[in-house]
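Those letters in the sequence shown? Residues 685 to 1132, by the numbering used here.
These are calculated hints, taken from the structure and not from any lab test. One thing to keep in mind: the hints can contain errors.
Each computed BS3-like pair below joins lysine-lysine, with the alpha-carbon atoms no more than 27 Å apart [as the list claims (entries may be wrong)]:
#1 Lys837 with Lys723
#2 Lys875 with Lys910
#3 Lys1037 with Lys936
#4 Lys1051 with Lys1072
#5 Lys1082 with Lys1051
#6 Lys1002 with Lys1066
#7 Lys989 with Lys910
#8 Lys799 with Lys837
#9 Lys1051 with Lys1115
#10 Lys856 with Lys737
#11 Lys799 with Lys987
#12 Lys1064 with Lys976
#13 Lys1128 with Lys1082
#14 Lys819 with Lys848
#15 Lys1051 with Lys910
#16 Lys848 with Lys687
#17 Lys875 with Lys1039
#18 Lys859 with Lys737
#19 Lys936 with Lys987
#20 Lys848 with Lys722
#21 Lys989 with Lys1064
#22 Lys837 with Lys726
#23 Lys859 with Lys799
#24 Lys1128 with Lys1072
#25 Lys799 with Lys1002
#26 Lys976 with Lys960
Ranges between beta-carbon positions, derived for each pair [claimed, not checked]:
#27 Val853 with Gly1003: 24 to 30 Å
#28 Ile830 with Lys735: 54 to 60 Å
#29 Glu979 with Asp838: 44 to 50 Å
#30 Gly721 with Asn817: 17 to 23 Å
Where is the CB? At the ideal position from N, CA and C, for every residue including glycine.
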Amino acid sequence: MGKLFGTDGVRGIANVDLTAELAYRLGRIGAYILTKGKKGSKIIVGMDTRKSKDMLGAALTAGICSVGVDVLNVGVVPTPAVSYLTRLHEADAGVVISASHNPVDYNGIKFFNSKGYKLNDDIENEIEEYILNDKDVEYRPLGEDIGEVNIIKDAVLEYTNYLKGLIDVDFKGLKIAVDCANGASFEAAPKLLKELGADIKVFYNTPNGININFNCGSTHPEILQKLVVENSCDVGLAFDGDADRLIAVDEKGNIIDGDYVLAICSTHLKEKGLLKNDTVVGTIMTNMGLDKYCETQGIKVVKTKVGDRYVLEEMLEKGYVLGGEQSGHIIFLDYNTTGDGLLTALQIISVMKAKNKPLSELAAVLKRYPQILVNAEVNKDKKTKYLKDDIIMSEIQKIEEEFHGEGRVIIRPSGTEALVRVMIEGQDEKKISQKANYLADLIKQRLK
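All chains, please: the whole structure from these sequences, using the hints.
Have a look at this one:
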């Protein structure tokens, strides 16, 4: 990746890293590269609830209009809604102003192409090359050819109507706790679930510009766990700030993360003949328990690097339809082109209704292996050198041999910090904790 785009667009502290000036340039250059100055071009722009959305949205919009491209402003909507609306309105691209699960000080700008997919590296690199080298596109339309802004007032309705049409059951008789993280799902989630007949208890759905993700949402599901039990709910749903991920809670207050969702939904899709190639895509952090369960169901688990974009790339390349991460980014590729928290919620609850079983029973098929993660502080310039260190690699091999296929070691350098992350998974939590700390200490000593 370059210096501007990360694995999920451009992100940083608003008005420091991500300034109005940068937003303008991203809008101008991004719009031109994605439309090549074609007359009649249009780009969808949506956002989450952060206060900085107005500053960045105005600048981004000005940049887009400056190259003759119209903006279809859909306001505050979930990130996956922008992906869907880009296709629905036959736009040339979509842009989301959001920093997802990050604190309010942060914001981000993420592009989708005309088909609703995140941009590939080549296009991001082309945009980046202009901006980092302080170049501009030589195109400034005049008069009637300058872009204009159109407000799409029914964007949330268009998105929720689409999702509602994807399932063939209603949610009558279910009591659902909903944590909107004071984010982009604050309108869409309650609206959709009410229309499907659920009795809902809504929490953290009063965004004020500064309370997004603050002690709530998918990054703080412990609050929802208590609320589900206290309110005798059948299920709890915790979204992150832009609602592209979901962490669920069963009726007993247990966390149902992305690995459980993949277990539940892959089985259901296979039973209906809809799981293409009988394969589900996870990442290297996907729990071994999912591998073991899927093996009993005749389902193959393919793993990628950490990051939903890598999950999606694998799905597109091989034709798979279901994939995701522990964090709750789940992609149902037959229905949307990116992780979608609301879509994931509908799929889980639909399985509950179809099988007439509580979520705890559905999730019980997956027996999680304990995972221990320890960070080793190292020299920043040496954090990828562990692969060439014979002593470190020899110890990793010894540990894995001890597990006899019932455990594993995952080592990966941090993308931004001077850290090497050591994750060990196995059946004996005390043993893997000892091994993880031992290995982290060794890496710290060897790479200091």
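*asked:* For each hint given before, does the structure comply? Return the numbers of the non-compliant ones in rising order.
replied: 4, 6, 7, 10, 12, 14, 16, 18, 19, 20, 23 and 28
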